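Trainee: Make a model of the complete structure from these sequences and hints.
2 protein chains.
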Amino acid sequence: MGSSSNGGAMSGRAPGTVGGVKSSPPPVDKEVDYANYFCTYSFLYHQKDMLSDRVRMDAYYNAVFENKHHFVGKTVLDVGTGSGILAIWSAQAGARKVYAVEATTMADHARALVKANGLEDIVEVIQGSVEDISLPEKVDVIISEWMGYFLLRESMFDSVISARDRWLKPTGVMYPSHARMWLAPIKSTLSDRKKNDLDGAMADWDNFSDEIKSYYGVDMSVLTKPFAQEQEKHYIQTAVWNDLNPLQVIGTPTLVKEMDCLTATVSEIEEVRSNVTSVINGHTTLCGFGGWFDVQFRGRKEDPAQQDIELTTAPSERHCTHWGQQVFIMSNPINVEEGDNLNLGLVMSRSKENHRLMEVELSCEIKEASGNPKESFKKTYFIE
Amino acid sequence: MGSSSNGGAMSGRAPGTVGGVKSSPPPVDKEVDYANYFCTYSFLYHQKDMLSDRVRMDAYYNAVFENKHHFVGKTVLDVGTGSGILAIWSAQAGARKVYAVEATTMADHARALVKANGLEDIVEVIQGSVEDISLPEKVDVIISEWMGYFLLRESMFDSVISARDRWLKPTGVMYPSHARMWLAPIKSTLSDRKKNDLDGAMADWDNFSDEIKSYYGVDMSVLTKPFAQEQEKHYIQTAVWNDLNPLQVIGTPTLVKEMDCLTATVSEIEEVRSNVTSVINGHTTLCGFGGWFDVQFRGRKEDPAQQDIELTTAPSERHCTHWGQQVFIMSNPINVEEGDNLNLGLVMSRSKENHRLMEVELSCEIKEASGNPKESFKKTYFIE
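In order, the protein sequences belong to chains A and B. Counting in numbering that gives the first Met the number 0, the first sequence runs from 0 upward without gaps. Counting in numbering that gives the first Met the number 0, the second sequence runs from 0 upward without gaps.
A couple of the hints might just be wrong.
Copies of the same chain look alike in the list, so a pair counts if it fits in one copy or across any two.
List of simulated lysine-lysine pairs, BS3-like, C-alpha gap at most 25 Å [stated by the list, open to error]:
1. Lys212 <-> Lys47
2. Lys224 <-> Lys114
3. Lys224 <-> Lys168
4. Lys47 <-> Lys232
Hint data in this document are derived by calculation from the structure and do not stem from the laboratory. Quick caveat: nothing in here was measured; it's all calculated off a predicted structure.
Mentor: The following block contains the structure:
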């Protein structure tokens with residue numbers, strides 16, 4: 000039974016001890032987590048992809064170099080250093096000492112890069128999970144690029160929280176300092192395309208099923224329904240990476256989550272619940288929803304940034320980040336009018352099978368501007 | 000750090016207790032094995048792909064129904080039943096009782112399929128690793144479709160051996176009974192294409208490296224060599240799935256492994272060593288090597304098949320199986336002449352990181368028909 004597909008793993012991150020008062024799921028087995036998540040980050044081509052994201056790079060570069068006061072003579076912890084880029088910038092910006100923690104063998108490359116750039120006296124690369132390693136001191140700054148699709152995929156912020164609670168001085172600053180999640184109604188040809196793909200898959204199943212019956216004497220019809228469910232999940236219910244054009248956003252983007260990186264807890268990101276309203280901006284077709292995030296580098300109230308920097312992954316004419324946006328499609332697009340109100344409910348939680356993947360329950364009630372109810376629907380999606 | 004790639008896992012199989020007198024590697028953690036391997040098999044679309052392979056299906060169907068004497072009134076164990084197809088055929092061919100073992104939740108679908116086809120009194124679906132489950136009796140037949148790319152990728156035969164040693168009666172029969180691995184010199188545009196891809200990746204790296212230096216003040220050159228090694232491994236050293244045309248086979252196919260499924264041990268498949276000679280059949284270019292396998296259903300000497308059946312994955316004009324062939328490319332193709340002799344050395348062993356993946360050391364000495372040495376080379380490949 001030859002197969003070329005690569006199991007069910009995704010790219011991901013370190014198991015975090017789940018803090019907070021609610022009962023925690025059992026800690027993730029580290030080897031399983033590695034097989035499921037970390038391993039992609041040990042490849043240079045993957046680091047290169049992220050280093051090639053100019054929007055991402057510019058934001059962090061400017062955040063550091065426009066705010067040297069946070070770095071000069073200070074101590075820094077880079078959580079998930081990868082190639083070491085943020086640690087290197089922190090040192091170049093004047094840090095006295097930088098601890099660059101990386102769970103995978105990419106740490107070896109980070110160490111080489113640090114040395115090749117003459118910074119080995121400042122940057123110490125430590126291979127390990129940030130939850131497991133020990134530092135000789137607390138730090139003034141925690142810098143990390145931890146954001147996944149729709150902000151929270153990969154659940155890497157758990158590790159940043161863990162690092163912050165153990166290693167950040169009471170006066171310390173988080174880079175980035177804040178994060179937000181956005182959701183907007185969109186039009187997109189993806190809905191039709193995925194619906195067609197699904198129909199095609201089911202037509203193909205019908206032919207297949209007939210052939211197995213004719214040639215091999217086995218009735219497969221009992222598996223038609225489970226196959227349809229599996230394909231529905233794959234084609235319709237799995238969030239799609241997309242680079243949306245702003246013209247596809249057909250109503251007000253809504254803020255579904257705001258997070259202060261200095262105070263956020265795992266509890267508040269384990270389950271994200273939000274009720275928001277979006278107003279349609281024209282006569283068009285509602286095909287689904289787009290989700291994205293932004294982060295800000297504002298420092299802290301007592302020690303603010305001199306230059307606020309924002310990294311946004313919102314739909315843009317000119318910019319595309321490697322995060323794209325996540326599209327949640329509707330198999331049955333709905334005609335909408337300017338002024339229609341969408342009452343949106345979102346509940347995002349972690350997949351039981353893999354805490355680094357998300358389940359998203361989206362509900363939508365459409366009302367005319369007059370208040371007359373139009374349509375409503377509810378669907379569960381998966382960010383895989 | 001968003002990433003869509005799916006970790007480093009592959010499709011795969013149950014951890015086998017590694018038998019034999021040599022020291023064994025530590026048993027594979029089951030959850031890691033699931034994350035790395037098994038999980039793909041729990042999807043119906045993947046089972047459908049295999050069930051849609053007519054060559055595979057016809058071979059097993061004919062093997063069973065042309066040899067009912069092995070099944071009528073007998074007991075059968077299907078190792079890795081998947082959708083249950085082989086178990087169902089065994090029952091339809093007259094088996095008294097069939098134990099269908101499946102490690103993943105596909106077992107639920109197998110059970111439904113058995114019932115929908117009226118065979119629940121004969122076929123008992125058991126979810127679990129065949130190494131772990133218990134049967135109430137030994138069986139007359141072990142049937143299994145365990146073959147991976149180049150026969151041994153996935154290392155599933157370990158589980159068949161384990162099942163055979165525990166559950167096959169002394170008089171029992173293996174389906175299939177024999178297996179062979181073949182290697183042949185080939186011509187292929189893949190070599191040039193992959194070489195171009197590699198060159199392109201390195202040119203892209205150079206641009207990238209220049210940009211990181213100009214825009215971000217970091218010298219990446221120390222990572223050029225590791226990046227090149229990683230890309231060489233990816234583009235050149237990773238065996239490529241291909242559907243070879245017989246005209247691409249430019250020399251005698253050589254038999255690198257023969258296996259009797261009734262007596263094979265894990266030791267003999269953990270490392271496959273072979274020295275063979277192939278003779279070039281015309282004036283052409285040696286671009287690499289193609290590997291494939293075949294299996295036979297011959298029964299056993301004391302209880303042979305009435306109709307020998309063969310399932311071959313050799314290059315064919317008319318047939319293509321989902322296994323294809325595995326191509327080991329040469330970055331520097333060599334001109335060869337009719338009558339040139341290729342002395343080939345092959346050593347195939349399991350990857351230390353994942354016992355279900357293979358490392359292949361290929362060496363080749365080319366001599367003219369006259370005996371004059373021409374060229375030789377040696378390369379390590381990876382079957383991922």
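Trainee: What hint numbers does the structure not satisfy?
Mentor: Going through the list in order, the structure violates hint 3 alone and respects the others.
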